[in-house]
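Student: Construct all of the structure, not just a fragment, from the sequences and the given hints.
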Amino acid sequence: MEPLDPVIATVVILLLAVVAFASGKVPLAVVAGGVMVALWATGVLELGQVLAGFAEPTVLLIACLFIVSEALDATGVTAWVGQLVISRAGTARRPLTLVIALIVAVLTAFISINGAVAALVPVVVVVASRAGIVPSKLLLPVAFAASAGSLLTLTGTPVNLLVSELAVAAGGRPFGFFEFALVGLPLVVCTAAIVALGGGRLLPVRQPDRLGVPRDARATAKTLRESYQLELERPLIGVREGVVEVMIAPRSTLIGREIIAGMRTRDEDLVILAIRHANPDGTEESRPNADGTTTLRAGDAVLVQGPWDALERYARSADVIAVTPPQELRRAVPLGAGAKRSLGVLAALVLLLATAIVPPVIAGLLAVMALIVARVLSPAQAFRAVSWTTIVLIAGMVPLSTAFVTTGAAGGVADAVLGFIGSGSPHLALLVLGVITLVLGQFISNVATVLVVAPISIALAQSMQVSVQPFMMALTVVGAASFLTPLATPANLMVMQPAGYRFGDYWRLGLPLALLFLAVSVLYVPLIWPFEP
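In terms of the UniProt record's numbering, the sequence shown opens at residue 1 and continues consecutively.
Note that these hints are calculated values from the structure, not bench results.
Small disclaimer: the values here were computed from a predicted structure and weren't measured.
Note that CB positions come from ideal geometry on N, CA and C, so glycine has one too.
Treat the hints with care, since some could be wrong.
To be verified - Simulated restraints on C-beta separations:
(1) Gly256 with Pro57: 52 to 62 Å
(2) Ala354 with Arg201: 38 to 48 Å
(3) Arg264 with Arg201: 27 to 37 Å
(4) Cys190 with Asp309: 38 to 48 Å
(5) Thr389 with Gln497: 12 to 22 Å
(6) Cys190 with Trp388: 33 to 43 Å
Tutor: See below:
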């Protein structure tokens, strides 16, 4: 049996990957792994080429950025940003939407899209409740503004880093740290204006079936005070100390122990504030002993206060079950412990990336090491912060991009596009590539889309003997236009349940934005990055 033609094999693998991505039934990491195995099994690539994606400096840098993003969230920097929204946006829908969109865009420029959206969704739900606005009028603008904000800096999204590296590999130059802002800033302003002006008419009024309780330190403290009838004057939750409500586990060694409010735990780190019995009849009435102590039983609720680190250790004990993990409450404290150190590391990272004193991946590694040495994050927290699905996805799709080049598939598609447009202008080539990218990007990740279309764009630019820079930047812009379906980005999915959106709700507001991004990529990008080599 004759071996399968490499070009045909590459195209078939691509089509199967697109179908698997679009179905949503196969985990992304499994699809990426399947792509690598298929490229090796069909003989399209050697084993070293298949695994080369894991050795890419860009992949390691992206992992580092996930850790920096976690540090900002864990120390309350994102909660502080959320407070700014509440205090300055007012309650009118249009100015509220405008302020929220601009804040999430700026936040996304320095942390991941998913991190920014995840941090602001609960804040926006609180803002919407206080303003008397349904969340469905505000949450989709958050996701869309985050996509636009990713175009402000080199580290705004993994796609920016990948495109910069691909431009260098194609004989071009890397993009500067703030160079993306030349196109990103106008798009952020236009996106914010469109979602603010058009959101009222184009977004539906939806009532979610179930709305989670937003993460809010003051609201949580108030609820606990009322629930346990506490009369303490000192704050329950602060920068250095907090509280955690725990349930006594069924086989806990604490069962039968006598405790009283005000006493300390065995390690002397925590103070017991209140106890509440879980009685057999379903009530939660506290029934102390004659001496005022309470004998603990399985299911009893205990409220303890102390330093955050001690609370986290206590909550991990097998004797108790934390109702709300203390690290989640800690994130809700604006500018909490370690916030200044996190912001300092972020500023140093931006400086290193902007000045190119060291390679980007070295800057990322230095930032991660600084966060761990400064005890902002533990090594375990840093490891958990990385979205390994994203890392495997990128590393797994890099070989497919390589296969498109080495087999000549990219050149073949480029020739087909040239045959379609004839001797037309490079603007027409950008339009065709933009439409392809826009359609693919609504069903598979923008990382996978860019890695598929990038080699075609490079081959087309080389065939037309023009600079690769406008093609790469245009690809980045259209790759960010993930506005038409909830499948386009994880951020789009994040806002779906809290707002009660349906699949068909996205395109109404998303279509004008997608057309704007496409037009900018074709008409505006070549003005800043000319076609002349």
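Student: Would you mind marking each hint as holding or not holding in the structure?
Tutor: Consistency of the hints with the structure:
Checking the proposed 52 to 62 Å range against Gly256 and Pro57 shows it holds: the Cβ atoms sit about 57 Å from each other. For Ala354 paired with Arg201, a C-beta distance near 40 Å keeps the hint of 38 to 48 Å intact. Between Arg264 and Arg201 the C-beta distance comes to about 59 Å, which lies outside the given range of 27 to 37 Å. Between Cys190 and Asp309 the beta carbons are some 45 Å apart, a value that agrees with the proposed interval 38 to 48 Å.
The hint said 12 to 22 Å for the Cβ distance between Thr389 and Gln497, and at roughly 19 Å that hint holds. In this structure the supplied range 33 to 43 Å holds for Cys190 paired with Trp388, their Cβ-Cβ distance being about 35 Å.
Figure legend: structure checked against the earlier numbered hints; the only hint not met is number 3.
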